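Visitor: Spelled out, the chains give:
Protein chains: 2
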Amino acid sequence: MQSDLVAALDIGGTKIAGALVDGAGRMLLRVRRPTPAREDAETVMAAVGEVLAELAASPLWPEVAAVGIGSAGPVDASAGTVSPVNVPGWRGYPLVERVAAATGGLPVALVGDGVAMTAAEHWKGAARGYDNALCMVVSTGVGGGLVLGGHLHTGPTGNAGHIGHISVDLDGDPCPCGGRGCVERIASGPHIARRALENGWRPGPDGDTTAAAVAASARAGDPVATASFDRAARALAAGIAATATLVEIDIAVIGGGVAGAGEVLFAPLRRSLREYATLSFVRRLTVAPALTGGDAGLLGAAAAATEARHGRQAVSYTG
Amino acid sequence: MQSDLVAALDIGGTKIAGALVDGAGRMLLRVRRPTPAREDAETVMAAVGEVLAELAASPLWPEVAAVGIGSAGPVDASAGTVSPVNVPGWRGYPLVERVAAATGGLPVALVGDGVAMTAAEHWKGAARGYDNALCMVVSTGVGGGLVLGGHLHTGPTGNAGHIGHISVDLDGDPCPCGGRGCVERIASGPHIARRALENGWRPGPDGDTTAAAVAASARAGDPVATASFDRAARALAAGIAATATLVEIDIAVIGGGVAGAGEVLFAPLRRSLREYATLSFVRRLTVAPALTGGDAGLLGAAAAATEARHGRQAVSYTG
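In order, the protein sequence lines correspond to chains U and Z. By this note's numbering, the letter at position 39 of the first sequence is numbered 39, and the numbering carries on one by one without gaps. By this note's numbering, the letter at position 113 of the second sequence is numbered 113, and the numbering carries on one by one without gaps.
Since the hints were derived computationally from the structure, they do not count as laboratory data. Just so it is clear, the structure is predicted and the values come from calculations on it, not from any experiment. Treat the hints loosely; a few may be bogus.
If you only want the chain Z side, here are some residues facing chain U, beta carbon under 10 Å, derived [what the hints assert, rightly or not]: (1) Asn86; (2) Gly129; (3) Asp131; (4) Ala160; (5) His165; (6) Thr245.
Note that CB positions come from ideal geometry on N, CA and C, so glycine has one too.
Kindly generate the complete structure, drawing on both the sequences and the hints.
Guide: Right, here's the structure in full:
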């Protein structure tokens, strides 16, 4: 079914990926450029333009009905602008307007990358079939998005689901966001590694001090490495339970590098969830690893474009 | 406009209130009975039946199109049952079915009391005109509800918005719900008073040790009383900021006895919110006192019945 063909853009601090995605979620063409993240705004936009030009050279392009963009945040979907933390040249950059212009006026939908990953997991991943879900990426940072009542809940600015920056420890360590005790400040990969090192964990001969190395030590029985993952799991559990208690969700889907630790993370997470998700209506909550992996950004951008075309959400949308 | 006439029930541990409410939110008849909270299930139901019978004796009754119920929680709107903590005789009690039977088969909508208060504030109170709002009651407990995208967000079981039982202090004191560091465990009236007493505050000659007495001392400059309210405000701010960060809200409306402390609560709350609501899309968040007061339960039950009739939410609904 190609009547629902859309162009998808996944814009991050490292790469700009593009694809043509059909109504069944098949990637019919993929394009990728490195993000010139330290350059000025127009140089970054030129890289986006190259990705779009390569997609537009496809014989399928005339069938493209809309463009979906998932971008590193913050985004402002109501204004159609993006301000990715890792792309300093773009601050309040009018990406929606520029992409619309570059594609001859196609409708353009914009969501944050956490929302995009959520759209992907709801469409083709572990949240498929769930009407109420939280999907998260736990890696260098912690991001997320929500499905409520069967549809993506983006919020007016496209930033809903920012679980990494809710405080689960109101007297906790300051977070670069300005808050304290944020989920990300406890559960991200770099903080899992930092905490392990501070408590005496030492890397192997390869000198690898990433969360993946801490996970390997935990798997081998190292108590300090295990304790650091337990602490991360506890913060994630408190945040997931808070989300379920506030909006009612049935599943929390977790992707990203830290989720790759597997049971080192998921076992204490399930245990801690029982401690924080206590009210009757949240006790049946389950957690599951994400399934869409590296395609999540593109798939989710395509899903957001499709949802926006059908008028089901408040993403930024010109058309 | 009486074509939208509904019957409203507000069921709590102390009283069962009923009203006929027209489409403009006017209370055309009010009825009230004490809740026989320690009695068996059928005795409690008999009191509800008396309230309904008194409403049904009105010459307006034939115009009633639906019944809305706001009940102390937990409720299960999907099953049509209620299990109010303070009414032990009702556990999984099929209230929707019983009220439908008692009213000759009228459609019945059920929501929790936090959701009902939210519906009232969105219809006639401080959240009017806001498409995205959190409304809370801070008194003996802490409850709440959400308006998202212009409509009440009840969740599948009618319990969404339970902000009192999200953890803002993952290592904090155990809460009777089974969790730790819940907002309610820090910010409810009894805990404001407990903390003040534990830290050396002493009541006046009248021996009043309620949060209202602590508020009076704080207003008079007592530092321990002030510190206890500051701590409550901090927990509320962390919870409100978490909610805004997760679902994007523009306003938090606060009612209940503790909100009656006025600036003793609201001044430190606004200060603390700046500390926890840090991301660009939540910085414009405001807080305001609730306006619907004692009528919130009845007004909100009526609003929920009206929303359900128009198919806009997933409250329990037989008809």
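Visitor: Enumerate the violated hints, using their earlier numbering and listing them in ascending order.
Guide: 1, 2
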